[in-house]
Amino acid sequence: MSHDTATPMRPRRFLPAGPLTGRIRVPGDKSISHRSIMLGALAVGETRVTGLLEGEDVLSTAAAMRAMGATVERVGEGEWRVHGVGVGALLQPGGPLDMGNSGTSTRLLMGLVASHPIQVSFTGDASLSKRPMGRVIDPLSEMGASFEASEGGRLPLIVRGASPAVPITYRLPVASAQVKSAILLAALNTPGETTVIEPVPTRDHSERMLKGFGADLTVNVEADGTRVITIKGEAELKPQVIDVPGDPSSAAFFIVAALLVPGSEVVIENVGLNPTRAGLVEVLRQMGGRIDFLDEREVGGEPVADLRVKHSRLKGVAVDPAIAPAMIDEFPVLFVAAALAEGVTVASGLDELRVKESDRLTAMAVALTLAGAQIEEREDGLVITGTGGAPLPGMAEGARVTTHLDHRIAMSMAVAGLASSSGVGVDDIRPIATSFPNFEDLLASLAG
0 MSHDTATPMR
10 PRRFLPAGPL
20 TGRIRVPGDK
30 SISHRSIMLG
40 ALAVGETRVT
50 GLLEGEDVLS
60 TAAAMRAMGA
70 TVERVGEGEW
80 RVHGVGVGAL
90 LQPGGPLDMG
100 NSGTSTRLLM
110 GLVASHPIQV
120 SFTGDASLSK
130 RPMGRVIDPL
140 SEMGASFEAS
150 EGGRLPLIVR
160 GASPAVPITY
170 RLPVASAQVK
180 SAILLAALNT
190 PGETTVIEPV
200 PTRDHSERML
210 KGFGADLTVN
220 VEADGTRVIT
230 IKGEAELKPQ
240 VIDVPGDPSS
250 AAFFIVAALL
260 VPGSEVVIEN
270 VGLNPTRAGL
280 VEVLRQMGGR
290 IDFLDEREVG
300 GEPVADLRVK
310 HSRLKGVAVD
320 PAIAPAMIDE
330 FPVLFVAAAL
340 AEGVTVASGL
350 DELRVKESDR
360 LTAMAVALTL
370 AGAQIEERED
380 GLVITGTGGA
390 PLPGMAEGAR
400 VTTHLDHRIA
410 MSMAVAGLAS
420 SSGVGVDDIR
430 PIATSFPNFE
440 DLLASLAG
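The numbering of the sequence shown is numbering that gives the first Met the number 0, which starts it at 0 and goes up by one.
Derived from the structure by calculation, the hints contain no laboratory data. Quick caveat: nothing in here was measured; it's all calculated off a predicted structure. For each residue, glycine too, the CB sits at the ideal point set by N, CA and C. Where hints are given, some of them may not hold.
[As the list claims (entries may be wrong)] Label pairs and their computed distance ranges (CB to CB):
#1 131 <-> 14: 29 to 39 Å
#2 49 <-> 9: 25 to 35 Å
#3 220 <-> 153: 45 to 55 Å
[Stated by the list, open to error] SDA-like mimics (lysine to any residue), calculated; alpha carbons at most 25 Å apart, straight line:
#4 237 <-> 211
#5 309 <-> 291
#6 231 <-> 218
#7 129 <-> 140
#8 309 <-> 392
#9 309 <-> 384
#10 231 <-> 213
#11 231 <-> 84
#12 309 <-> 342
#13 309 <-> 273
#14 210 <-> 239
#15 314 <-> 298
#16 129 <-> 150
#17 237 <-> 165
#18 210 <-> 227
#19 237 <-> 74
#20 129 <-> 401
#21 237 <-> 264
#22 237 <-> 215
#23 314 <-> 392
#24 210 <-> 44
#25 314 <-> 354
#26 237 <-> 192
#27 314 <-> 349
#28 210 <-> 298
#29 314 <-> 129
#30 309 <-> 82
#31 309 <-> 442
#32 309 <-> 440
#33 309 <-> 281
#34 237 <-> 43
#35 309 <-> 23
#36 237 <-> 78
#37 231 <-> 192
Construct the entire structure; sequences and hints are all you get.
This is the structure:
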């Protein structure tokens with residue numbers, strides 16, 4: 000859905016809450032949900048998925064795979080059946096694929112299409128249409144695909160797939176799981192060996208899931224930590240049964256809220272703790288956050304646990320830039336935690352945040368300043384001087400932060416409102432539905 004035109008803006012004021020208590024389960028991991036539908040659509044036979052995130056971004060992926068020939072059906076809450084067409088058998092869609100607000104859908108599907116003999120037009124909402132696609136276009140062009148993009152390599156754009164595509168060895172110039180995944184997906188229908196060299200490790204859901212579906216994929220880690228990922232095409236994927244763990248990026252908002260609101264104790268069930276995604280928990284523990292892992296287990300090749308989170312006095316830290324790829328989407332809510340910590344938190348090496356759904360560095364600096372936090376914005380990060388545990392002052396009645404159609408800005412500032420004296424107004428909560436449709440209901444259930 001296109002938030003800029005489809006429905007009126009929905010402003011909301013988030014007010015300070017009493018202690019947050021109870022048990023919740025957050026929606027399924029978005030990264031795994033996207034990939035389970037895409038790979039299910041490329042396998043021959045029926046893939047069954049439970050715990051799928053039913054946000055608009057994932058539904059955009061489902062609609063796109065339907066348009067290219069797969070059968071993708073919802074058979075119950077979070078329960079889906081995917082009948083795939085097989086690698087190499089994607090069909091020409093009848094019209095443009097509307098990706099809504101989903102950068103993941105767009106970049107990964109560009110990779111899928113790049114090695115199939117079809118032509119696909121991608122469109123998106125105003126926010127997505129500002130996001131650069133050049134970093135995906137470059138390697139896929141080397142593989143033989145051709146592109147017609149809007150100015151600056153942006154949407155709307157047309158991909159003409161190559162048949163056969165050419166295997167490449169590609170060293171990622173910036174840490175990006177989406178670029179890596181786009182190349183690996185293109186490689187599925189490319190004869191020969193394609194190699195991606197990853198100097199800085201990023202989330203590895205694609206590698207885990209491709210192996211699970213039967214792709215011939217190897218990962219070698221060199222002495223300096225560089226990961227060399229090699230995949231052989233043309234692949235034959237086998238259907239799977241997938242139970243999607245809870246999304247750590249969605250759990251992040253409740254983890255921080257429970258740490259900040261006095262008297263809180265919350266258990267968040269079934270959270271995925273893939274080491275390439277668990278950076279936020281590590282940093283919050285360094286800050287003094289009390290976060291316990293209960294019933295640690297493995298589900299579908301992914302580590303999972305229930306998290307018990309208790310209100311804590313947090314201390315500012317210098318966040319190691321090396322951990323950034325393992326928590327890139329969680330920085331907006333970390334900035335909220337830092338704003339109430341004792342002392343100074345320095346976060347650097349975050350240029351990537353300037354090309355997300357919004358420029359998240361500037362957006363969060365402006366929003367938190369409006370809420371009364373002390374923020375210094377730098378070229379590649381923020382320096383935040385915390386309140387020492389006191390609530391943020393909050394905002395005057397009628398004042399609202401600008402979310403720029405960015406779901407993570409909206410949810411982060413909702414958490415800031417809970418941890419404020421007078422509340423925080425948000426200009427538009429519609430984008431929250433893209434990743435977390437029941438966010439407000441879960442928040443209300445914990446606030447009692």
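How the hints compare with the structure:
1. 131 <-> 14: 29 to 39 Å: Taking Cβ atoms as reference, residue 131 and residue 14 lie about 38 Å apart, which means the hint holds.
2. 49 <-> 9: 25 to 35 Å: holds (30 Å)
3. 220 <-> 153: 45 to 55 Å: The hinted range 45 to 55 Å is violated for residue 220 and residue 153, with Cβ atoms some 35 Å apart.
4. 237 <-> 211: Satisfied, since the Cα-Cα distance of roughly 9 Å is no more than 25 Å.
5. 309 <-> 291: Distance of about 9 Å is within 25 Å: holds.
6. 231 <-> 218: At roughly 12 Å apart (the allowed maximum being 25 Å), residue 218 and residue 231 satisfy the hint.
7. 129 <-> 140: holds (21 Å)
8. 309 <-> 392: Holds: residue 309 and residue 392 sit about 23 Å apart, inside 25 Å.
9. 309 <-> 384: holds (23 Å)
10. 231 <-> 213: The hint holds at about 11 Å.
11. 231 <-> 84: holds (19 Å)
12. 309 <-> 342: holds (20 Å)
13. 309 <-> 273: holds (22 Å)
14. 210 <-> 239: Status holds; Cα separation ~11 Å.
15. 314 <-> 298: violated (34 Å)
16. 129 <-> 150: holds (10 Å)
17. 237 <-> 165: Roughly 24 Å separates the two Cα atoms, so the pair holds.
18. 210 <-> 227: holds (15 Å)
19. 237 <-> 74: holds (21 Å)
20. 129 <-> 401: holds (17 Å)
21. 237 <-> 264: violated (42 Å)
22. 237 <-> 215: At roughly 12 Å apart (the allowed maximum being 25 Å), residue 215 and residue 237 satisfy the hint.
23. 314 <-> 392: Holds, because 19 Å separates the two Cα atoms, which is no more than 25 Å.
24. 210 <-> 44: Holds: residue 210 and residue 44 sit about 17 Å apart, inside 25 Å.
25. 314 <-> 354: Not OK: residue 314 and residue 354 at ~29 Å, beyond 25 Å, violated.
26. 237 <-> 192: holds (20 Å)
27. 314 <-> 349: With Cα atoms ~21 Å apart, residue 314 and residue 349 stay inside 25 Å; holds.
28. 210 <-> 298: Holds, at about 15 Å.
29. 314 <-> 129: violated (36 Å)
30. 309 <-> 82: This hinted pair is violated, its Cα atoms lying about 43 Å apart.
31. 309 <-> 442: holds (16 Å)
32. 309 <-> 440: holds (21 Å)
33. 309 <-> 281: Satisfied, since the Cα-Cα distance of roughly 15 Å is no more than 25 Å.
34. 237 <-> 43: holds (6 Å)
35. 309 <-> 23: Between residue 309 and residue 23 the Cα gap is close to 14 Å, so the pair holds against 25 Å.
36. 237 <-> 78: holds (19 Å)
37. 231 <-> 192: holds (5 Å)
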